[in-house]
Structures are given as C-alpha cells and as structure tokens.
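Letter by letter, the chains look like this.
Number of protein chains: 2
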Amino acid sequence: MVSSYIVPPNIDLKNLSSEVKGVNQIGEEVTANVTLEKPLTVFLNSAEIVTSMTIGDYPELLALGFLFNQRIIKEKREVKSVDFDEELNVVVVRTVDETPYEINSKKKIRTSGCALGTVFGNLMDEIDEIKLSPREIKVSILYDLARKINTTPSLYLETGAIHGTVLCDYSGPLVYMEDVGRHNAVDKISGWMLNNDVVGEDKILYTTGRLTSEMVIKAAIMGIPILLSRSGFTAWGVEIAKSVGLTMVGRLRGERFLCLTGSKNLIFDEK
Amino acid sequence: MVSSYIVPPNIDLKNLSSEVKGVNQIGEEVTANVTLEKPLTVFLNSAEIVTSMTIGDYPELLALGFLFNQRIIKEKREVKSVDFDEELNVVVVRTVDETPYEINSKKKIRTSGCALGTVFGNLMDEIDEIKLSPREIKVSILYDLARKINTTPSLYLETGAIHGTVLCDYSGPLVYMEDVGRHNAVDKISGWMLNNDVVGEDKILYTTGRLTSEMVIKAAIMGIPILLSRSGFTAWGVEIAKSVGLTMVGRLRGERFLCLTGSKNLIFDEK
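The listed protein sequences correspond, in order, to chains A and B. Quick note: the first sequence uses numbering that gives the first Met the number 0, first residue 0, plus one each step. Quick note: the second sequence uses numbering that gives the first Met the number 0, first residue 0, plus one each step.
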C-alpha cells in the first residue's frame with residue numbers, strides 16, 4: 000500500500016455517496032454507489048461569493064482554497080475565522096479587514112451580474128506577474144507518481160463520476176482530494192496548503208481533469224511548478240503555462256505522455 | 000460512414016485547435032493539436048449574463064441555448080435578434096419584451112453577487128413542474144447509437160480535452176456538438192433545437208460527460224425523455240431524473256451499461 004499520504008482519499012461512502020437501485024445491460028437488478036453532489040455557498044464576511052456543487056467533504060478547505068485561488072485572500076493571516084453551517088450548506092469566511100474584493104464589488108455592483116466574471120478578469124492581470132522557478136523532474140518519478148495515484152483506493156474507483164487532484168512531492172503523493180467539480184478538488188488542496196503553511200515551489204500537482212486555462216491558473220497561483228494530468232490540453236492552458244513557466248505533462252497514461260511546456264525540465268532516465 | 004447527421008461534428012482544426020510543439024515520453028519532438036478555449040460573454044439586451052469558456056463555434060446557438068436552458072427565454076418568438084461580435088467575443092440576444100430575468104435582477108442586484116446562483120435557484124422551482132412522457136427504447140438501439148457516435152470523426156478523436164453531446168432519434172445521431180465545457184455542448188444543441196423548431200419528446204440525448212444534476216436539468220428542460228452517457232452518475236442527478244421521469248442510462252461502454260432511472264422503458268432485445 001501507498002504510505003506517503005498525509006491526507007489519503009476520503010472514501011467515506013456512507014456520507015459521500017448513496018446506494019441507488021437500478022438494472023444492468025441484461026436487466027438484472029443491481030445496486031450502485033453514486034457520488035453525492037450538493038450546493039455549497041461561500042460567503043466572504045457579508046458578501047455572497049459563489050455557490051458550487053460539491054460532494055461536501057472539507058467545506059472549510061474548499062471555501063478557503065477558492066478564495067485563495069481567486070486571489071481574494073492572499074495570506075493566511077488575513078483570515079479571522081472559517082465557519083461551516085451544515086444545515087444551510089454555507090461557509091462563512093471572515094477576514095480581519097475588509098478585502099479589496101468587497102470594496103470593488105460595491106463599486107461594480109451595477110455593471111456586473113456575475114462576481115466570477117469580474118474576479119476572473121482581475122486574475123488574468125495577476126497571472127501576468129507570476130514567474131515560477133523551474134524544477135527538474137525525472138521521467139521515472141512521473142511514472143511512479145501516476146502509478147501510486149492510480150492504485151490508491153479512491154471514490155473514483157468506487158463510484159466514478161468524480162475528479163481527483165493530488166498534491167505530491169518527489170517522494171510520492173501527499174494529499175488526495177476528490178470532488179464532482181474538478182475545480183473544487185484543486186481548491187480543497189489549496190485550502191489545505193494555506194491552512195498548513197505548505198508552499199508549492201517543491202511540489203507537483205496531479206489532476207485527473209483536463210489541463211484548461213483555469214486549472215493552469217490555479218496551479219500557478221498555488222506556486223506549483225509542475226502539473227501532471229492523465230487528460231489532454233487546451234490551447235489557452237498551454238499559453239498561460241508557457242507564460243508563467245509551468246512544466247506541464249498531459250495524456251500521462253502507463254509509460255506514455257506528452258509534455259507541451261517546460262520539457263527542458265524533464266530528465267529522460269527511462270526509455 | 001454514418002449518414003444520419005444533420006449537423007456532424009465540426010472538425011475545423013484550423014479554427015478550433017492550434018498546433019503546439021512539445022515532446023513525448025522518449026523526448027522526441029512532436030506536434031499536437033490542442034483545443035482552443037476562449038471566453039464568450041452573453042448579454043441579454045443590456046444585461047451581462049455570463050462569461051463561459053468555449054471552443055468558439057456556434058456562439059449564437061450557445062447563447063440562445065444557454066438562455067433557454069436557464070428558462071430565461073422560453074420560446075423562439077420572444078427573441079428579436081442574436082448578434083455575435085467576433086472581435087469582442089460577445090453575443091447579444093435581444094428580446095421583443097423585457098424578460099422576467101432582467102426585471103428580477105434589478106430587484107435582486109444588491110443581494111446576489113452572481114447571476115447564475117440566482118437563476119439556478121429559480122430553475123429548481125421550474126423543474127418541479129416538468130413531467131416527461133415516457134418513451135420505450137430497445138437496448139439494441141442504445142448500442143447502435145453509442146457505436147455510431149464513438150466511430151464518428153470528432154474533435155475529441157483529434158485533440159482530446161473536449162466533451163461531446165449528441166442529439167439523436169431512434170434511427171441515429173442527428174446533431175453532434177463539442178466544447179471544452181460539457182454544458183456548452185448541450186446548450187449548443189438546445190440553441191439548435193430552438194432555432195429549428197425541433198422538439199425533444201421523440202429524441203435521445205447522448206453526452207460524453209457525467210450525469211450530474213445540471214446535465215439532467217438541461218435534458219428535462221429540453222423535453223428529452225432519454226439521456227445516455229458513457230460516464231457515471233451523481234446522486235442528485237439520479238434524484239432529479241426520477242422526479243421528472245427521465246430514463247437515464249450511464250456507464251454505457253461496449254455492450255455494458257447501468258440504468259438507474261426509468262428501466263421499465265428499456266426493452267431487452269439483446270443478451
């Protein structure tokens with residue numbers, strides 16, 4: 000068994016899935032475990048920020064990581080408290096001072112219908128200033144991480160219909176989060192890093208999802224210089240990865256992959 | 000070749016993907032086609048509704064289908080014009096009369112930061128009133144549709160990192176849309192149906208994505224009684240599908256599947 004995990008996948012089938020009766024291809028009655036999915040609303044002080052669909056584990060980390068990855072919160076010390084109300088499915092993150100986001104959104108409230116649209120615009124400006132320090136990595140370590148992750152018991156293996164994101168270092172996977180939304184899984188990792196004062200510069204991020212612009216932006220904001228995925232790339236994801244200096248390896252399956260940015264950081268120690 | 004398509008996949012690699020140089024697992028230089036992904040902002044009259052990341056084909060259908068699937072527009076005759084500005088990446092949908100959405104959002108502008116959150120809340124009320132008329136379907140037709148779809152040349156086969164949604168009838172696939180966001184692919188189908196006065200009651204919808212609550216809600220609003228996917232289910236998706244009377248078949252791969260709602264409508268003509 001894989002032993003390097005600080006936070007292994009949360010395979011709490013009782014709370015994160017439900018049993019549903021159905022039939023299979025020959026009409027036999029079967030019972031399937033299906034992933035739960037419920038709305039979680041994040042408040043920043045008194046401002047409602049976003050409602051996401053989530054499996055519902057680690058709501059505090061999800062809220063914290065979302066706000067960090069949107070650059071609404073930049074440091075742990077800005078946060079006064081994080082409270083989850085299970086009945087209302089609401090997380091309230093309170094900060095020591097009013098945030099620029101709240102001040103801006105008061106100004107912008109008549110022009111923008113959607114907070115996320117506004118925030119996304121601001122993010123692109125911030126991304127322009129990120130330059131990740133390059134880290135080399137052996138191809139054998141890529142394979143080792145992928146193999147360890149793929150053989151770890153997870154909700155994905157139990158229920159399907161879920162995305163995983165795994166924070167790793169060079170010795171193995173450390174924190175494995177899963178969610179119905181792939182952005183939630185990476186935001187939970189980010190919340191965990193913020194909470195535990197863990198920096199990204201010597202880490203590797205693995206995602207089961209596609210390497211889209213949003214995934215690349217999140218990795219860059221988390222300060223992680225190497226991003227891996229079993230899935231493919233989008234053009235804008237590649238462009239942003241190039242501009243921030245992210246090494247990005249996709250279509251990593253078995254001992255095959257495609258590296259579209261930062262290939263100079265790969266050490267080909269395997270054939 | 001498959002001949003039933005009215006709108007086959009748009010494999011316009013020149014406009015929907017870009018060529019990126021990279022390296023493979025043994026360090027060889029390779030060129031990969033990666034999917035484009037760009038922001039598209041939808042305006043309803045003078046109200047900014049949402050910004051989505053999309054591959055960028057059929058922007059007018061995407062805008063129209065999004066507004067229809069959110070129940071902001073309910074009939075084609077409400078629409079006066081749909082204009083796409085390629086330079087700004089903006090679609091403006093103009094209606095004959097002011098919509099309830101615009102009237103409500105004026106009232107709600109101080110309480111809700113995110114239009115989508117609000118709209119989503121309203122959608123759940125509408126969903127409660129939908130009851131789809133059941134349609135029977137032979138298992139052999141499920142296999143036939145899946146086989147035809149999977150062997151159709153598509154962007155997915157060329158670039159990966161993309162989701163597909165296919166409108167079918169009992170004879171075969173009709174309209175095949177793809178997008179980086181799986182919701183966009185289904186919204187483009189919806190826009191096409193609205194534009195061409197096509198009803199959902201005798202159709203089947205196939206998606207490569209997971210059967211989440213949002214996907215089920217969209218199928219129900221489009222009036223389509225049968226939803227198929229190669230991927231898995233979420234619990235809330237199953238619950239909504241049951242309540243609206245949707246027949247839902249997931250994990251449809253080869254000659255295997257799982258039917259979690261509406262199995263009484265399946266005719267097991269294959270073993």
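Just so you know, these hints were derived from the structure itself, not from any lab. Even for Gly, the Cβ is constructed at its ideal location relative to N, Cα and C. Hints are supplied without guarantee of correctness; some may be wrong.
Simulated crosslink set (PhoX-like; lysine-lysine; CA at most 25 Å straight-line) [claimed, not checked]:
id : chain 1 : residue 1 : chain 2 : residue 2
1  : B       : Lys75     : B       : Lys130
2  : A       : Lys241    : B       : Lys37
3  : A       : Lys263    : B       : Lys20
Residues of chain A clear of chain B, computed beta-carbon distances all greater than 10 Å [stated by the list, open to error]:
id : residue
4  : Asn23
5  : Glu36
6  : Val89
7  : Ser242
8  : Arg255
Going through the hints against the structure:
1. Lys75/B - Lys130/B: 22 Å, holds
2. Lys241/A - Lys37/B: 17 Å, holds
3. Lys263/A - Lys20/B: Holds - the C-alpha atoms of Lys20/B and Lys263/A are around 13 Å apart, at most 25 Å.
4. Asn23: 6 Å, violated
5. Glu36: 4 Å, violated
6. Val89: 12 Å, holds
7. Ser242: Ser242/A clear of chain B: closest Cβ-Cβ about 14 Å, beyond 10 Å.
8. Arg255: 5 Å, violated
Against the hints set out earlier in the document, violations occur for numbers 4, 5 and 8.
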